[in-house]
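Enquirer: The primary structure of each chain is shown beneath.
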Amino acid sequence: MIIARKTTRDLNEAQDVNAVELNGIHIAFPLQGGGTYEAVGETNLVVSDREFVAIVGPTGCGKSTLLNATAGLLKPAQGQVRTFAKPLSGLNKHAGYLFQQDSLMPWKTAIDNVAIGLEVAGTPRRDALGQARVWLGKVGLAAFADRYPHMLSGGQRKRVGLAQVLIRHPKILLMDEPFGPLDAQTRLIMGDLLLDLWSADRKAVMFVTHDLDEAIGLADRVIIMSAGPSSRIIGNYTIPLARPRNMADIKSEPQFHDVHREIWNALKEEVLKGYRQTEEVRP
Amino acid sequence: MNRLTLISLQVLVAVVTLLFWHIASTTTLIGNPKTISFFFAEPLAVGKRMIQWFMEGSIWYHLGITLTEAALAFIIGSLGGVIIGFWFARKPLLAAVFDPYVKAANALPRVVLAPIFALWLGLGIWSKVALGVTLVFFIVFFNVYQGVKEVSPAVLSNARMLGMNERQLLRHVYMPSALSWMFSSLHTSVGFAVVGAVVGEYLGSAAGLGYLIHEAESVFDVTGVFAGMFVLMGFVILVDWLVTLVENRLLVWRPRASVITNR
Chain B
79 MIIARKTTRD LNEAQDVNAV ELNGIHIAFP LQGGGTYEAV GETNLVVSDR
129 EFVAIVGPTG CGKSTLLNAT AGLLKPAQGQ VRTFAKPLSG LNKHAGYLFQ
179 QDSLMPWKTA IDNVAIGLEV AGTPRRDALG QARVWLGKVG LAAFADRYPH
229 MLSGGQRKRV GLAQVLIRHP KILLMDEPFG PLDAQTRLIM GDLLLDLWSA
279 DRKAVMFVTH DLDEAIGLAD RVIIMSAGPS SRIIGNYTIP LARPRNMADI
329 KSEPQFHDVH REIWNALKEE VLKGYRQTEE VRP
Chain G
13 MNRLTLISLQ VLVAVVTLLF WHIASTTTLI GNPKTISFFF AEPLAVGKRM
63 IQWFMEGSIW YHLGITLTEA ALAFIIGSLG GVIIGFWFAR KPLLAAVFDP
113 YVKAANALPR VVLAPIFALW LGLGIWSKVA LGVTLVFFIV FFNVYQGVKE
163 VSPAVLSNAR MLGMNERQLL RHVYMPSALS WMFSSLHTSV GFAVVGAVVG
213 EYLGSAAGLG YLIHEAESVF DVTGVFAGMF VLMGFVILVD WLVTLVENRL
263 LVWRPRASVI TNR
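Chains as they are written, first to last, in our numbering: chain B, 79 to 361; chain G, 13 to 275.
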């Protein structure tokens, strides 16, 4: 209890501290036949507080691995993860994580899923449910509070997931292709929703996607990763587009196209390399 | 096909079967009715016997005994299955060590244990409960074990990122997942509890439906055997219907259930 209070005060004092620092991390997995597979090679990345960073790269380049390391779900083989100036040990308590796969508890209703993060932290159930109702409203699902996840569409489940994560007010938001399985229109709407919610109390965001349009539309900075194995950061682009943005309109701005072209030229080669590797691996 | 046609067709099957049975056992159309009714009894006599049992009230006592045995077997077997299933799933080393023994014990046809249980626990209800427990336990055990193992890694990681400690994970993630598997095997495990009770009674007891059938059989009272079987059938259907009601209440969150129905 005392420790928790102290941490909060430290954070308040240090507003200019980096939310995430990945210092020379390598991430490797043991292979079945012995030896290791290095998914991510020497990587350095700094995400400032309140900064929205999108990470783009070809499939299988270890983008998700990078998020898992930041979340503390995965321990890097080498290097150090720091969060708000402290070395990370165990799970990252500042982080909220929106997973790529369905990760709602299927046996809880939408509202119970949203409230659970507060409940386990000791908020009385009534208060937790009250706040959950507010958050469901914010993601436009007030009328769906008592539905179970299997009664919701893919987009609706992602909205519940977003509310579930944001209700805990994490200082860092990790998102792993959260809108990946959704259709193009729903992705635009979800993107706008995310921007709305984020601009209310700018958290540090690490947003993994394979969709360059989405990355440029959302982020302050776009990071490009190379194809694996031992993938690393090969590009770092600041996005000069003004906020507030609108995901559909932004694509018609000339500046968007300039940035897009520049990044795509860098990414194209890596995408092709990634494809060639999957071709080779395939029997 | 609408509901009415379906039900009338279903009733028709019963009517035709009973009619055929009746004709075969009372007329010379198919064979010697004396022989046929000796081996298969007569439907009307069977019906009369059942009515007689229920009018006299003697059947309630036997039903009560069988129900008690089945219920005890189900409760004890399920509790054991849940606890051990959970324990093994959370301790992989333990599960690995005991794996061959669990498989061996489960491979044994449980009926052969009945005489041993009768020897150990006497001819009262507990030897039947024990037999039922050995049947129920493994079904519940395997389903709970699977339920804990099959928790989606994404749901688990998400729950941990939402700040759950081990105890909260148990309560909000592992428990619901394991219990959902257990509930979806409810039909099988309740059915086996009844099997354990009836087989146990059949092999040696002084009360219960199995005893009733066995007694009738030992004096070549085929009518009694058939009447006993029909009462048993009705009893099982009733229990199964109750299980469906419970299941519908408990698994509202589940779109479609997949089950391990081990033996």
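Hints in this document: simulated from the structure, not taken from any laboratory.
Because the structure is a prediction, the values reported are computed rather than measured.
Be a bit skeptical, because a hint or two may be false.
To be verified - Restricting the straight-line Cα-Cα distance to at most 27 Å, the calculated cross-link-like pairs of lysine-lysine (DSS-like) are:
| # | chain 1 | residue 1 | chain 2 | residue 2 |
| --- | --- | --- | --- | --- |
| 1 | B | LYS171 | G | LYS60 |
| 2 | G | LYS46 | B | LYS153 |
| 3 | B | LYS153 | G | LYS60 |
| 4 | G | LYS103 | G | LYS46 |
Stated by the list, open to error - Some residues of chain G that are not near chain B, with every Cβ distance over 12 Å (derived):
| # | residue |
| --- | --- |
| 5 | LEU18 |
| 6 | ARG61 |
| 7 | ILE71 |
| 8 | PRO104 |
| 9 | ALA171 |
| 10 | MET176 |
| 11 | SER192 |
| 12 | LEU250 |
| 13 | LEU262 |
| 14 | TRP265 |
What the hints assert, rightly or not - Selected chain B positions facing chain G (in silico; Cβ < 8 Å):
| # | residue |
| --- | --- |
| 15 | MET183 |
| 16 | HIS228 |
| 17 | SER231 |
| 18 | TRP342 |
A virtual CB, placed ideally from N, CA and C, is assigned to each residue, including glycine.
Enquirer: Take the hints in turn and mark each one as holding or not.
Expert: Verification of the supplied hints:
1. B:LYS171 - G:LYS60: 73 Å, violated
2. G:LYS46 - B:LYS153: 82 Å, violated
3. B:LYS153 - G:LYS60: 75 Å, violated
4. G:LYS103 - G:LYS46: Not OK: LYS103 of chain G and LYS46 of chain G at ~64 Å, beyond 27 Å, violated.
5. LEU18: At roughly 28 Å from the nearest Cβ of chain B, LEU18 of chain G sits farther out than 12 Å, so the non-interface label holds.
6. ARG61: 48 Å, holds
7. ILE71: 41 Å, holds
8. PRO104: It holds; PRO104 of chain G is separated from chain B by about 17 Å at its closest Cβ, greater than 12 Å.
9. ALA171: Violated: least Cβ distance 7 Å, not greater than 12 Å.
10. MET176: Given a closest Cβ separation of 5 Å, the condition is violated.
11. SER192: Label violated. Min Cβ-Cβ 7 Å, cutoff 12 Å.
12. LEU250: 29 Å, holds
13. LEU262: 10 Å, violated
14. TRP265: Answer for TRP265 of chain G: violated, closest chain B Cβ roughly 4 Å.
15. MET183: Because about 6 Å separates MET183 of chain B from the closest Cβ in chain G, which is inside the 8 Å limit, the hint holds.
16. HIS228: 4 Å, holds
17. SER231: Interface hint status for SER231 of chain B: violated (13 Å vs cutoff 8 Å).
18. TRP342: 31 Å, violated
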